Amino acid sequence: MPSAPPKVAVYKFSSCDGCQLQLLNLETKLLELVGAVEIAYFLEARRRVLPPPYDVGLVEGSVSTPEEEDRIQQVRRDCKYLVAIGACATSGGIQALRNWANVEEYARYVYAKPEYLSTLETASPVASHVFIDFELRGCPVNQYQLLELVSALLTGRKPNISTHSLCIECKRLGNTCVLVAQGKPCLGPITQVGCGALCPKFNRACYGCFGPMEQPNIPSLGQWFTERLGHTPRDMKRMLRLFNGYLEPFKQASEHYERKEKGG
Amino acid sequence: MTDQKIPVGSRQFLPRSAFEELFAALHKEGYSIVGPKVTDGAVRMQPIGSVAEMPQGIRDNQDGGFYRLEEGEPELWFEYVVGPNGPKEFFFPAQLPLFEFHVQGGRFDLDAGPPQVPKLAFLGVRPCELAAIDVQDRVFGRDDPGTFRCESEPWYLQIRQEALLIAVNCTRPGGTCFCASWGTGPEAAGGYDLALTELKDGFVVAVGSKRGAALAENLSLRAPSGAELELATLKMELAREHMGRQLETPDLKQLLNESIEFPEWDDVARRCLSCGNCTMVCPTCFCCTVSDGSDLSGQEITRTRFWESCFSHQFTYTIAGPERNTIRGRYRHWLRHKLCTWWDQFECSGCVGCGRCITWCPVGIDLTEEAQRLREGSTKHKKRLGVSHGE
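Order-wise, the sequence lines are chains G and V.
Using our numbering, you'd call the opening residue of the first sequence number 1 and step up by one each time.
Using our numbering, you'd call the opening residue of the second sequence number 1001 and step up by one each time.
Quick caveat, the hints were computed from the structure, so don't treat them as lab data.
Keep in mind the model is a prediction, meaning the values are calculated, not measured.
One should not assume that every hint holds.
With a Cα cut of at most 30 Å, we get these calculated DSS-like pairs of lysine-lysine [unchecked claim]:
1. G:K184 / G:K29
2. V:K1119 / G:K184
3. V:K1210 / G:K201
4. G:K201 / V:K1382
Just so you have them, the derived chain V footprint on chain G, three or more residues with Cβ under 8 Å [claimed, not checked]:
5. 28-35
6. 75-81
7. 148-162
8. 184-196
9. 237-249
Backbone N, C-alpha and C define an ideal beta-carbon position, used for all residues, glycine too.
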């Protein structure tokens, strides 16, 4: 163990703060965490800010404004390890839906005075801007994966974060498949594990908030959904474009279904 | 209890009204009962306490990627076949803590090992499951340095030793069943303590072991009539003829060996999701990974075993990188293991014909169809290459 606890920084970019809240929601483990590391920069949790450099930086949120574009560069310089946490930081998040639309038009709908906004054409994941050392998927991230990540960094071991399908975890937990037994359009077979199969556990179809698994076969599942379960290409596009729509290969597949929707 | 000993190998009759006595007898012997119960629209093997929890008057409708429960004959209790899980989940748990220790000064102090082995009685084990248990006994229960067999697992051996198996023969095979092709069903051939065949008024009970005979002593059994025995036999005959699927088994090993580079694999690779569902529901699949964890302090260490799958790309990582980089490679590996290389490893087939991999595949990939495609491909490719058949 190092003599001084490692300094941890938690950054917020364009996001809903939900992933930072997952850290604060650790409850009993939170005290342990605060004992094991020095919270050097975490504006949502404490006012005190220690100067960089930091050992570990956790970044929540996508890069969506010119200011953020610059700030992420400084964050990278300040942190020894940089970890993107959550769907926004790893894929662009739900705000990346605007990447397929006209930002100015969106802004006019939402804001009374859109001229005060300074925003980029696209919302993009952190990895599009700087090198990241690791990423945790999910909307929001899973708190046990957060703990596992920090525990592994502290011990100097590889974090046990799996990249296979959600189905494997879902079956391990003893859930009955909602796709096979209820015909629900579950994205589990193409989605990365990590959430604890939360939705199928409550009889809901997975909506892919952990993003694509390693080597997903989206065309095959899409064929089953459209030909057997009666979903349209538009349904497919919308299913893929939710929290991780801008992350490959969900992005490419959603564009394929968009072309099909338009009769291409 | 009577003085009359019930002989092993005999057949008895248990009236339906006396079925509940099984529960009482098992509870008296200290067993926790695992039996069929409907949860989330499927029949799952899970802890149950009485007959009332068992499904009654329902049957299953199974096909590739499809499972639904429907109304059946109201007076029958076992008209469905296997659901998504089975005894494997208990003998070889999806997640098993292996040990826990903490760092104390300069040494490691062991805090806990694997959990205490429960004493389980399984009620409603299907013949294909018995065959699968026999396969896993070869995987986890035997030591043979001469072959590639895994080393025996103490936890598995203990829980198997304790477990009592009450089988139920399948009078109505499911849509994806093909046990008759392997000879593993629909009638249990062995490996059970008691085996029941359901008739309208009750069950013909085959006594398969001393433990089963001792249990039977507690039940209001009577000798079955000739008609009842004949009806039970007839039901088995009918079931054999009504399998949902078929697999030509005799020369599979040769077929899988010669088909390694067949283009048919590309076709199934386009459909396979590599999601691992088939391996999770398969009653013989035994892949697992051992994962070490440490807490924030770095002082509390755990080692846990999880089910894993040959369809997981990450699972194939070795020091030289991933072993099977494509879905084609992973599906081929799985099918070849089940139908071919399993024989080299364990001297038996890795498939028992339960049909789960077909039903629970999200896109309905059918092992029997894929084997048939390879078979047709084989004839076609041989013809093209001018190889005479039957050499």
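Hint by hint, here is what the structure shows:
no.	hint	in the structure
1	G:K184 / G:K29	violated (36 Å)
2	V:K1119 / G:K184	violated (37 Å)
3	V:K1210 / G:K201	violated (41 Å)
4	G:K201 / V:K1382	violated (49 Å)
5	28-35	holds (count 4)
6	75-81	violated (count 0)
7	148-162	holds (count 9)
8	184-196	holds (count 4)
9	237-249	violated (count 0)
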